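Novice: So the sequence lines, in the order shown, correspond to chains B and H. Each step along the first sequence adds one to the number in my numbering, with nothing skipped, and position 131 is 131. Each step along the second sequence adds one to the number in my numbering, with nothing skipped, and position 250 is 250.
Hints may be right or wrong, so weigh each one.
Listed next, the stretches of chain H that the computed footprint assigns to chain B, with coverage defined by at least 3 CB atoms under 8 Å from CB atoms of chain B [as the list claims (entries may be wrong)]:
#1 375-382
#2 389-400
Interface residues of chain H toward chain B, partial, derived using beta-carbon atoms under 8 Å [what the hints assert, rightly or not]:
#3 34
#4 370
#5 372
#6 403
#7 431
Using 25 Å as the maximum straight-line C-alpha spacing, the simulated PhoX-like pairs for lysine-lysine come out as follows [to be verified]:
#8 430/H x 123/B
#9 37/H x 99/B
#10 16/B x 123/B
#11 331/H x 123/B
#12 129/B x 99/B
#13 123/B x 139/B
#14 139/B x 80/B
#15 129/B x 139/B
#16 16/B x 430/H
#17 139/B x 107/B
#18 430/H x 37/H
#19 129/B x 16/B
Simulated from the structure, these hints should not be mistaken for laboratory data. None of these values were measured; they are calculated from a predicted model. Cβ coordinates follow ideal geometry from the N, Cα and C atoms, glycine included.
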Amino acid sequence: MQLEAMYQEIILDHYKNPHGRGLREPFEAEVHHVNPTCGDEVTLRLHLEGDTVADVSYEGMGCSISQASISAMYDLVLGKSVHEALGAGEDFMTLMQAKGDPAVAEKLEDSLEDAVAFAGVSKYPARIKCALMSWMALKDASARALATTTPGGTA
Amino acid sequence: MTQTVSRPVGAHEPLPLDVEAIRADFPILTRTVRDGKRLVYLDSGATSQKPRSVLDAERWFYENVNAAPHRGAHALAEEATGAYEAARATIGGFLGAPDREIVFTRNATEAINLVAYALSNAATAKEEEFRTYAVGQGDEIVVTEMEHHANLVPWQQLCERTGATLRWLGLTDDGRLDLSDLSTVVNERTKLVAVTQQSNILGTINPLGDIVARAHEVGALVLVDGAQSVPHQPVDVTELGADFLVFSGHKMLGPTGVGVLWGRYEVLDKLPPFLTGGSMIEVVRMEASTFAAPPQRFEAGVPMTAQVIGLAAAVEYLQGLGMERVEEHEKALTGYALAKLAEIPGVTVIGPPDTVARGGAVSFTVEGIHPHDVGQVLDDSGIAVRVGHHCAWPVVRRYGVPATTRATFYVHTGYDDIDALADGIRAAQKFFGTV
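Please work from the sequences and hints to get the whole structure.
Specialist: This is the structure:
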C-alpha cells in the first residue's frame, strides 16, 4: 500500500480535528475559492494587525487533503508577517512540485512544519490542486487585505 | 481485504456476455497499475477502452488508404472517400438512420454546440429557409436539471445570445425527472427541448416518449443527448421520434475526436451552418457563398477520417455482441452492484435504487469520507472510478452532496470488478476509521 505515504498520520489528524475552523470577525478580506474540476470550496477570511497575520478563519468542504491543508496552513501562518506567510506559501508550492523527492521535503521541513507532511501528495498530480487551494486563497486574501489596509496600496 | 459476504440472489447467474473472451480483445486490460495490481476499469462513462479491432481499423486506414476524403481524384482519395462514406453508412445503420442524416463532429459536446449555434445563426441568415428555426426574444429553450454541462451550458449561451429564456424540468428525490409540470414548462413558446436519454451521474433512463410527444404537440424540436445511452442500449432514431441525437465515439469503444449528430433530414436541411470553410460549400465567390446540402453543410474542413473509420469498427464490434445483450449485461451488473453497495453500512446510492429504467452509472457517497479520498483508496487497489461532480454540478447540488464517487460498467466488466469495488470501499472505511 502506498496510501500511508500520502495520508500521513499528521494529515489525518488535521482532517479529523481541524485547527482554527469557522468564520470569525474581524477581517480585512474574505475570499471564496473553488476547485472547478471537483467542486471543493473554501471561504477564507484574513485579519491583519499591522503586517502580522492575526487570524485566518475559514469554512470549506472538500477532501481530506484540501481540508487538512487549510488546518496546517492556519497553524503555520498565524502570528507571522504577511511576507513570511507568503514565503511559506512559496515553499509549499515548491514542495508540491517536488514529485515526492525526499531531499526537497527535508530542506523545507523547518519552514513548513506540519505542512511538510504533504510531501507525499506531490506524487499524485490529480491531488496537488487539493492541497494548494487553501494557499491560493490565502495569497488572494493577502493581496486584497493589503490593498484595503495600505493607503494607496496595490493589490 | 477479502470479506465473506453473502451474495445477493442472482449473483451467480452467468452474465449475458463472455467477459473473459471480451477482455482478451482489449490490450489495455492486460496492463497493471499501482505496483502490479490488475486494472479494474470502472470509468467507461468518462471514456471507454478500445478493442484491438478499433485500433487496427485506424492503423489500416493510415497504412493503406490515407488521403483527404471528398477532395482530389487520385486512387487514394477515392478509396479514402469510399471508406469514410462506408463508415457513415455503418453508423447510420446502427441507429436505423439514412446516411445523409449522420453528421460527424468532434464529440457530443460539439454536436450540441453545432445545433445551438445554428439556431442563433438562423436569426440573421439571409436565406429565408434558414430562418425557419430561428430562436429569439420571447422564445424558450427547455433542459432538465440532470443534464451534463455539455447539454446545459450551450443552451444557457444560446439564450444569452438571442434573448430567449432557459427553463428546466426538475428532479424527484429518487433521481427521476419530475414531469408533473411538463405541460407548463414545455409550452407554445418552447423552441427546443434538450434532454439526456441516460443520466451520466444518476443512471436514470428518461421517459423520452412523453417529452417528445409534448414537445412536438407545441411545435418544439427535441435534442436527445445519447452520450450515455447509444453505447449501452439499442437506440433507433425512428422509435426515438426526436429531431436530433448526439453522442461521442470515445464512450462507445471508438476513438477520441469523433462524435455524431444525427438530425432528421427535413430539419437539418433548414439549418444554417455552424462552422464554415472548405467542403461545406456549394459555390464560393469573393462576395458570398452558398452551402452544400446536409450532412456536408455541417462538416467543414478535412474530417477526422481515421477516427470515423475507427468508430465504424467500434459499432461493428458492438453489433457483433448485440446491443440487447450489452444492455442485459449491464443491467445484471447494475443489479449486482446496487445489492453489493446496499450491504455496506454508510454507503448511499444517489439515483434510482433499482434497475427499473436505469443504466449502469452508479454514483454513491460513503459517510464520513470525501469522494476524492474514496477514489484514492480504490486507485491504490487498481480500481479506476470517477470522483467529483461528473460535469453535472446542478445534480450533486440538488441532492445536497459536494461530489460523488461513480462506477460505470461496460462489456468487459464482470462480477469480479464489482466485488473489487465493494472490497475497496470497505478498505477505505477501515483506512479512514469510519467503521
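Novice: For a quick check of understanding: which of the numbered hints are violated here, in increasing order?
Specialist: 11
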